[in-house]
Every structure is written in structure tokens, then in C-alpha cells.
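S.K.: Sequence:
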Amino acid sequence: MEILIINPPIRLTDKPRHIPHGLAILANIIEKKLGIVPQFLDLNAYRYSIEDTKNMLKRYKFDVVLIGGLIPVYKRIIALSELIKEANPDALIISGGSASMSVPELLLKNSKVDIVCAGEGEIAIIDLLKRVRDDKQANLIDVKGFYFKAEDEIVFSGNRELIVDLDNDSDVPAYHLLPMDIYLSNPVIGFGRDIDFISSRGCPYSCTFCYQPWGRNFRGHSVDFVLDALKYLKKNYAIDFVSFQDDEFMANPKRVYDFCDKVQSCIPGLLWSCTGRVNLVSDDIVCVMRNAGCVSISYGFESGSPRILKSMNKKVTLEQMENAVTTNRKYNMMVPVSFIIGMPGEDDVSCKETVEFCIRNNLPLKSIMFATPYPGTELFENALSMGRIKREKMHEFVMNLEDARDFTVNLTDVFTDKQLIAKRAEMIDMVCAKVKLLSVGESMEKLHNLFGSLVADYLKDEALLKHRAEHGGIDIF
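Take 1 as the starting number for the sequence shown in the numbering used here and just add one per residue.
Hints listed in this document are in silico derivations from the structure and should not be mistaken for laboratory results.
All the given hints hold, so there is nothing to weed out.
Simulated crosslink set (BS3-like; lysine-lysine; CA at most 25 Å straight-line):
#	residue 1	residue 2
1	Lys234	Lys262
2	Lys33	Lys61
3	Lys330	Lys366
4	Lys109	Lys149
5	Lys418	Lys393
6	Lys366	Lys315
7	Lys436	Lys352
8	Lys54	Lys109
9	Lys112	Lys393
10	Lys254	Lys315
11	Lys418	Lys366
12	Lys352	Lys434
13	Lys32	Lys234
14	Lys130	Lys149
15	Lys61	Lys112
16	Lys254	Lys231
17	Lys136	Lys149
18	Lys352	Lys418
19	Lys75	Lys15
20	Lys310	Lys366
21	Lys434	Lys423
22	Lys109	Lys393
23	Lys61	Lys32
24	Lys423	Lys310
25	Lys149	Lys75
26	Lys32	Lys144
27	Lys423	Lys366
28	Lys85	Lys61
29	Lys85	Lys54
30	Lys58	Lys75
31	Lys436	Lys330
32	Lys33	Lys136
33	Lys112	Lys85
34	Lys130	Lys85
35	Lys54	Lys15
36	Lys235	Lys262
37	Lys58	Lys112
38	Lys310	Lys352
39	Lys109	Lys75
40	Lys112	Lys136
Bear in mind that the values here come from a model prediction, so they are computed numbers and not experimental data.
The whole structure should be built from the sequences, with the hints applied where relevant.
M.R.: Next comes the structure, spelled out in C-alpha cells:
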């Protein structure tokens with residue numbers, strides 16, 4: 001049985017810098033448990049044209065194609081399914097990830113995809129592939145965890161339990177099948193040989209705008225598993241920076257302390273960044289993380305308005321947000337933060353509160369997203385009930401979804417579409433006019449303190465220095 005795994009392109013205006021963890025983990029498990037080395041076509045890394053992709057598919061031999069990704073690749077999965085069937089009409093196409101899990105029936109009705117994986121794929125996909133390998137005509141309906149096309153209807157075989165033991169039942173990505181040179185040349189933070197890594201699944205919080213396919217319970221790999229993976233990456237790819245892209249890296253403080261206690265003795269000099277949540281911040285844990293090589297904790301602040309924070313079900317306070325900024329800065333750490341504009345109830349007052357919060361805390365308002373009702377979220381259900389999204393036009397809506405930097409739908413009652421887009425730009429300008437950015441010299445000194453020798457090559461890049469000088473320095477501190 002020949003298996004092809006395809007990672008679709010996601011946001012073409014961004015450089016490929018994020019490992020396709022889900023698909024690459026499946027590749028590793030297929031190789032280990034089935035003895036089949038899958039072919040891996042990473043279209044997000046290589047950015048082939050449609051014509052080149054067609055030619056590539058014609059050259060590959062495959063019986064099964066696995067494809068998936070985040071919801072913005074929904075339209076690309078549909079397009080790729082057409083190309084796959086054109087190249088090999090008998091191929092079985094299985095799709096997963098949030099692009100499939102959040103709208104399984106919609107995808108099956110509007111594409112050439114045959115099967116949608118409705119949850120975690122590590123065990124489910126192996127069960128399905130074993131059945132296909134033994135009998136290509138086998139009835140697959142009783143394999144739990146999938147949506148199938150069955151004549152003129154779509155059948156769901158039932159849910160599987162979430163994986164409890166990630167160390168034993170999941171794996172690390174199949175790095176040896178990925179174009180690692182591309183990922184390592186486009187660092188997430190911007191210095192050295194930087195790679196992203198996901199060490200856990202699930203988030204114990206319930207923000208209305210967030211899609212959580214892995215449930216509300218935090219499940220983490222053991223610290224030893226994570227360190228073994230990082231040691232492998234250090235040995236084989238000479239990484240010197242890791243960006244943890246977990247939904248909530250700090251959700252289990254005991255695990256964070258354990259990691260910090262061991263990481264520098266295992267991988268001396270390794271620098272890293274992670275996600276955090278302001279209600280979990282304490283002086284002690286940030287100090288320990290900084291001493292263990294952490295140089296950046298990113299937070300989703302979302303709004304400077306207590307009313308909007310409550311409507312999001314964020315369950316944090318402005319005081320906790322300000323404490324996170326102060327504590328990070330106390331230990332000379334970067335504080336990347338993100339905001340959202342356009343939630344239901346957003347108005348001039350709440351926008352003003354966000355601007356004032358940023359100015360008060362000297363935070364450039366650069367990462368401000370539009371409220372986007374992704375399928376599977378509470379915000380999406382609210383948008384349906386408000387009539388902002390029509391069920392009969394769901395396919396068109398999802399086809400137009402990109403990431404939240406792009407305006408999709410207006411959920412406010414007081415702004416027109418044009419006014420909301422203009423309000424975002426106005427807020428950015430108001431904050432930038434008041435917030436003190438570091439000069440180029442100050443920025444370089446701070447970067448030296450954080451990154452040491454990793455910044456040396458950066459300093460040699462005169463073009464980039466000129467860009468920073470013209471645009472007022474670095475805006476993430």
C-alpha cells in the first residue's frame with residue numbers, strides 16, 4: 001500500500017516556518033506501526049504552482065492520501081482533492097485537522113474527499129489503514145472516529161476517546177520526511193536555528209472565540225519525552241531556539257517547573273519561548289523560566305475592556321494582564337501580546353479602553369485581529385443566531401475564511417464593515433503615537449542581552465537594520 005501525505009499551503013503571504021505537526025506525527029506512526037514509509041508532499045514549504053502540483057501528483061504512486069490542516073485550508077483541501085482524483089481516481093482521500101473536524105459533512109458534500117477523521121488520528125488512522133491494507137473493498141463504517149460517504153448520505157461511525165497517554169500513543173513528527181532546511185531558514189522568533197514544537201494538547205479554559213478540538217482538559221507529554229525530542233533536534237538539526245506552540249504551555253505549573261529544572265542540563269544554552277496565561281503568572285515562575293532559557297512568553301490579552309473580556313469568557317482581569325507585562329519586563333523578557341476587535345458588544349467605549357490600556361502599559365497595538373467566528377466555536381453559534389452567518393451559505397462562508405488578520409464578518413451593532421476596518425487602523429495609529437519604541441541601538445542591546453551570539457548574524461544584515469531604523473525600532477518589547 002502506497003501512502004501520500006499532503007500538507008496544503010496555508011497563508012502564502014507568510015514564510016513557511018511552522019512544522020505540520022499533526023500530519024508529520026501521523027507519518028512517523030505509520031512508518032513505525034505499519035512498516036510503510038509514506039511520501040510527504042509539503043506544499044506549504046515548497047509553494048508549488050497548481051500546474052507543478054498536478055505534475056507532482058502524476059509522478060507519485062499512491063493508494064491512500066492523507067491531507068489536513070487548519071480551517072483556512074478548507075478551500076485548498078477541496079481543490080487538492082480534485083487534483084488527486086484526477087491523477088488517481090481510485091485513491092482513498094482521508095482528511096483531518098480543524099479544516100475537516102469542524103465542518104465534516106460540509107467538506108464531504110463539497111469535495112472529492114472520501115473520509116473525514118473526526119478526532120485525534122494516531123490510533124484511528126492506523127486502525128483504518130490496517131483494514132484497507134488487508135482488503136481494499138472492506139467495509140469501514142464500523143471503524144470509529146470517521147465520517148464516510150455512503151451512497152447519497154454521510155455516515156458517522158462514532159466518537160473515539162481522546163488519547164490519555166501521549167507519550168505512548170502519539171509521537172514526534174517525522175522530521176526526516178520534512179524539508180527541515182526550509183523551516184530552519186524561516187525562524188519563528190527571528191534568530192538562529194529556530195523550530196516550533198507542540199508539547200501538549202487541550203486548554204482548560206473556554207474562551208468563546210477559540211476552537212478546541214482536543215477538549216478542555218490539558219494533556220501534556222512528559223518532560224522527559226519533550227527533552228528527548230529536543231535533544232534529537234539539537235543533535236540532528238543543530239537547533240538553538242525552540243518556540244513552544246502549545247495551546248497553553250503554562251497550564252500545568254508543576255510541569256513547567258520540572259521542565260525548567262532539567263532543560264539546561266540536558267541542552268546547555270538552549271533558548272525558548274512559549275504561550276502563557278496571565279492568571280498563571282507569578283514572579284517565581286517567570287524568574288525560574290527566565291533562568292531556564294525562556295526569553296519570551298506570549299499572551300492573548302484580547303481587549304482592554306472588562307466588559308468585552310467578560311463577554312469572551314476570558315476569566316482574567318486587567319490587573320492580571322498588567323502584572324504579566326510588569327513581571328516579564330522585570331526579567332528582561334519579551335512580551336508579545338494579541339488583541340481582538342469586533343466582538344459582539346464592541347463599541348467606541350471598549351475600543352478606547354483597549355487603546356488606553358496599551359498606552360498605559362507601553363504596548364504597541366500591532367497584533368490586533370478581527371473577531372472571527374470559526375466553525376466549532378461558541379462565537380460561531382452566536383453569529384448564526386444573530387443572523388450574521390446563514391446556514392444555507394455555510395460553504396461560501398468557510399471558503400472565504402482566512403486567519404483572523406483578515407476581516408470576515410461584522411459581529412458588532414454600532415460599526416459598519418468599513419467603519420470597523422477603519423477603527424482597527426485608527427486604534428493602531430493612536431497607540432503608536434503614544435507608545436515609546438526602542439531606538440535601533442537600544443533594541444540591539446536588548447536583543448544581545450536576550451539572545452547573545454544568536455543575534456550576531458542579524459546585526460550583519462544592513463538592509464534589515466536600515467528597515468528597523470526607518471520604521472522606529474523593534475515593536476515587540
